[in-house]
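Line by line, the protein sequences give chains A and B.
All letters in the first sequence, in the order written, are residues 1 to 276 by the UniProt record's numbering.
All letters in the second sequence, in the order written, are residues 1 to 276 by the UniProt record's numbering.
Be a bit skeptical, because a hint or two may be false.
What the hints assert, rightly or not - Dumping the calculated DSBU-like pairs for lysine-lysine here, alpha-carbon to alpha-carbon at most 35 Å: (1) B:267 / A:5; (2) B:56 / A:274; (3) B:202 / A:274; (4) A:202 / B:5; (5) A:274 / B:5; (6) B:33 / A:267; (7) A:51 / B:202; (8) B:33 / A:51; (9) B:5 / A:108; (10) B:202 / A:56; (11) A:33 / B:274; (12) B:267 / A:33.
Calculated directly from the structure, the hints in this document are not laboratory data.
There are 2 protein chains.
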Amino acid sequence: MELQKRTVFIVSDGTGITAETFGHSVLSQFTHKFSFDQEREPFVNSPERAKDVAQKINEVAERDDLPPIVFSTIVDEDINTFLRTSKCIYMDIFAACVHQLEESLNTKSDPGIGRSHINATSDAYRRRIEAINFTLAHDDGQFVHDLEHADVIFVGVSRCGKTPTSLYLAMQYSVKAANFPLIPEDFVRGTLPNTLLPHRHKLFGLSINPERLHEVRQERRPGSVYAELSQCKYEVAEAERMMRRENISWLSTTTKSIEEISTTVLKILNLDRKSY
Amino acid sequence: MELQKRTVFIVSDGTGITAETFGHSVLSQFTHKFSFDQEREPFVNSPERAKDVAQKINEVAERDDLPPIVFSTIVDEDINTFLRTSKCIYMDIFAACVHQLEESLNTKSDPGIGRSHINATSDAYRRRIEAINFTLAHDDGQFVHDLEHADVIFVGVSRCGKTPTSLYLAMQYSVKAANFPLIPEDFVRGTLPNTLLPHRHKLFGLSINPERLHEVRQERRPGSVYAELSQCKYEVAEAERMMRRENISWLSTTTKSIEEISTTVLKILNLDRKSY
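Just chain A, with the same shape it has in the complex:
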């Protein structure tokens, strides 16, 4: 069956990241019948800019001979009017929930443009940049000092997903995440690397299916001993044995996205609470 093609606009007075995430989730419930071409229109924060975007929408409506779908987070009514009256299916994604909350909380909402992202000079922003710097400096066991400031220290065999997970947690949740490879000499010695012993309570293990690890390592270093399936099997078995013996919480990354791994880690480490 041929999918029907539709154009989608993501329109926001800020970056459009909220509208994009939301729109993508909603549209994924229609991909059995449709395919979507999406364009982002960020920083629509003046009537002039809104007029330009409305014109673009009208042009696409004419070109496609179908009204585009617009996901908008714009709250300002002056700006909204231009978009709402263009030829489109207009999805004001906050409207229903804001209205419901106004009723339930018995309070008028106070829009205010672009407050959903933290400001570049705030303390929260500084903590975020610090977490990114910390995480980069402590990638792959490069830097062993200062581990007392880590929120979490990932351990696992080379190429099991430690680095992307660490960077994601730092970037999105300001978590200081160090990571440390478990290597064959650790398995021969049969103990955790010495540097990690004082920080045992912060360790979190990542593991991976040996067949998948073999594929990943083959791409990096084709034909090497490092990439051989038997080597991958040995390392994974030993790493998991060590985690069990040392009582380290761990999970397998094989079929999980970076977001899924990170969410699970936040939950286990009790870092999934926020106040604002």
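With chain A held as given, fit chain B onto it using these hints.
Just chain B now, with coordinates in the frame of chain A:
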């Protein structure tokens, strides 16, 4: 005026990232009267897990003597029932938009659990991991080979925001982003680093207000020549002069978040379109 405290639950059958982003944007319109304590409940994908979460919600309702606010992206009705009937203000964030789209597109939606994140073995996922690896390898001019595969090469003085921007673009948009510091010897020589000349069309400049740069460098290396205000002024003036002379698009990061910088770059490089 004292803010009223409310508890918020983010409930999802997946990671909860969409619900969290959305909830945060909506609640920020009520922070003039309320403060929020948020807890995330991811992977609510069975009636048993839903029952547990509903009970937690009821306990909090009792403790606070106020119903918590629940932002949910759960589509499965069997799972939803448990949550909907707990003591809370239940915000089914997709419902209104999915309903509107069903009408407009004249098509029933097809839920399907947790499809909004890319799978760990898909091509899209592989491209993402490749972009992260590329970006890490090409951070701070470390590795000058392979620049022909970069989607963008950031240039700018040390500590103007090149690294966090590069990592964000790689992580969230699978953009291969290299970055290259502009250093005093480039200014003395008066030309771009040689390695960059063949890739001039991919260069994007980042700059920063010298006073802000001075603060940032002071935190890293207090009292150094590198951090002196006069040095910061000199480097920024020279870098901006070079970007103008070489006709490189650039922006100032001073008051912008990583998301804002990245969104602007995606727009200028025409990387803000997606299909799905």
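Q) Among all the numbered hints in the text so far, which are the ones the structure does not match? A) 3
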